[in-house]
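Undergrad: Numbering of the sequence shown is given in numbering that gives the first Met the number 0, commencing with residue 0 and proceeding in unit increments.
Honestly, the hints are just simulated from the structure, not real lab data.
Heads up, a few of these hints could be off.
What the hints assert, rightly or not - Computed list of lysine to any residue pairs in SDA-like fashion (alpha-carbon distance at most 20 Å, straight line):
1. Lys67 to Glu55
2. Lys147 to Asn135
3. Lys209 to Ile152
4. Lys120 to Val204
5. Lys120 to Phe149
6. Lys202 to Tyr171
7. Lys215 to Asn188
8. Lys173 to Asp231
9. Lys173 to Tyr126
10. Lys209 to Leu119
11. Lys147 to His159
12. Lys120 to Ile152
13. Lys173 to Val204
14. Lys69 to Gln79
To be verified - Computed beta-carbon distance windows for the label pairs:
15. Lys36 to Leu68: 27 to 33 Å
16. Pro216 to Leu125: 36 to 42 Å
17. Lys202 to Lys234: 51 to 57 Å
18. Gln144 to Arg107: 34 to 40 Å
19. Lys202 to Phe96: 24 to 30 Å
20. Lys120 to Asn187: 28 to 34 Å
21. Pro186 to Thr99: 44 to 50 Å
22. Asp231 to Asn151: 55 to 61 Å
This structure is a prediction, so every number in the text was calculated from the model and none was measured.
Ideal placement from N, C-alpha and C gives every residue a C-beta, glycine not left out.
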Amino acid sequence: MMNKQKQEKSDKPEEKDIVDSQNEKTSESEVELKDKKNEMEEESKEEEKFKDLSREELIEKIIELEDKLKNQEDKIKELQKSNKDWKDKFMRLQAEFENTQKRWEKSRKNLRIQYTANTLKNFLSLYDSFKSAVENEDTDEHIEQFYKQFMNIMKSMGAHPMHTEELQKFDYNKHEALSSLERDDLPNNTIVDVIQDGWIYEKEVIRYAKVIISRKPKPPEQEKEEKEKDEDQDKDLEKEQSGKEKVEEKNSNEPKS
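With the hints as extra help, turn the sequences into a complete structure.
TA: So this is what it looks like as structure tokens:
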């Protein structure tokens, strides 16, 4: 029974809290009334200013206020325009900064790639030697192990051999043709032999694959014409050389003055 009475007592708001709440409301009302009174007094003062003015003076005052208002509006427009100009300048500067930062990042990346690529090129001759040794049947196991370690190191740096094999189409961006062979069974510019592997570092070719490509045999008539043309050129060169020798011999036999 006592617990129930204590619970009921605790559920009821205390008298002190009620009084404080009423005092706060009263205080807020007084402040609102005071502000309203001050506002009315200001309006009354403004009315008093215009109360004793004549019609002409009122018109003049209105015109004066309109001019002031127009001046204020013009100033606002100027400030808005100035604000827009500064905002545009800021946006341009921000865009220029971002573009400069992107160019710098790209330049730095290109320099890093170029430097690393030049370093890797120095090791490619070692790769050629390793590969040649590994392809030999009598290769020692230690050499094979060294070769695997070397390839793992190159792979970890982002470099790997280019996939080039016979019957691929020749690609000027990846391959370097050392010579060509006549092949009637293949289209022109088909790889028929890979002399040296190409290498790639981060999608950049750091060494072109050296290859031999195919070419179609020339028709007999065309081959004959080209052969005759070459023979004529050889004859012309022989005549030119013979003429030079005769002139030199003549000059050497002339008495010196």
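Undergrad: Look at each hint and say if it fits the structure.
TA: Taking the hints in turn, this is what the structure says about them:
{"no.": "1", "hint": "Lys67 to Glu55", "verdict": "holds (18 Å)"}
{"no.": "2", "hint": "Lys147 to Asn135", "verdict": "holds (15 Å)"}
{"no.": "3", "hint": "Lys209 to Ile152", "verdict": "violated (24 Å)"}
{"no.": "4", "hint": "Lys120 to Val204", "verdict": "holds (11 Å)"}
{"no.": "5", "hint": "Lys120 to Phe149", "verdict": "holds (14 Å)"}
{"no.": "6", "hint": "Lys202 to Tyr171", "verdict": "holds (15 Å)"}
{"no.": "7", "hint": "Lys215 to Asn188", "verdict": "holds (9 Å)"}
{"no.": "8", "hint": "Lys173 to Asp231", "verdict": "violated (38 Å)"}
{"no.": "9", "hint": "Lys173 to Tyr126", "verdict": "holds (18 Å)"}
{"no.": "10", "hint": "Lys209 to Leu119", "verdict": "holds (18 Å)"}
{"no.": "11", "hint": "Lys147 to His159", "verdict": "holds (13 Å)"}
{"no.": "12", "hint": "Lys120 to Ile152", "verdict": "holds (14 Å)"}
{"no.": "13", "hint": "Lys173 to Val204", "verdict": "holds (7 Å)"}
{"no.": "14", "hint": "Lys69 to Gln79", "verdict": "holds (15 Å)"}
{"no.": "15", "hint": "Lys36 to Leu68: 27 to 33 Å", "verdict": "holds (28 Å)"}
{"no.": "16", "hint": "Pro216 to Leu125: 36 to 42 Å", "verdict": "holds (40 Å)"}
{"no.": "17", "hint": "Lys202 to Lys234: 51 to 57 Å", "verdict": "holds (52 Å)"}
{"no.": "18", "hint": "Gln144 to Arg107: 34 to 40 Å", "verdict": "holds (37 Å)"}
{"no.": "19", "hint": "Lys202 to Phe96: 24 to 30 Å", "verdict": "holds (29 Å)"}
{"no.": "20", "hint": "Lys120 to Asn187: 28 to 34 Å", "verdict": "holds (31 Å)"}
{"no.": "21", "hint": "Pro186 to Thr99: 44 to 50 Å", "verdict": "holds (49 Å)"}
{"no.": "22", "hint": "Asp231 to Asn151: 55 to 61 Å", "verdict": "holds (59 Å)"}
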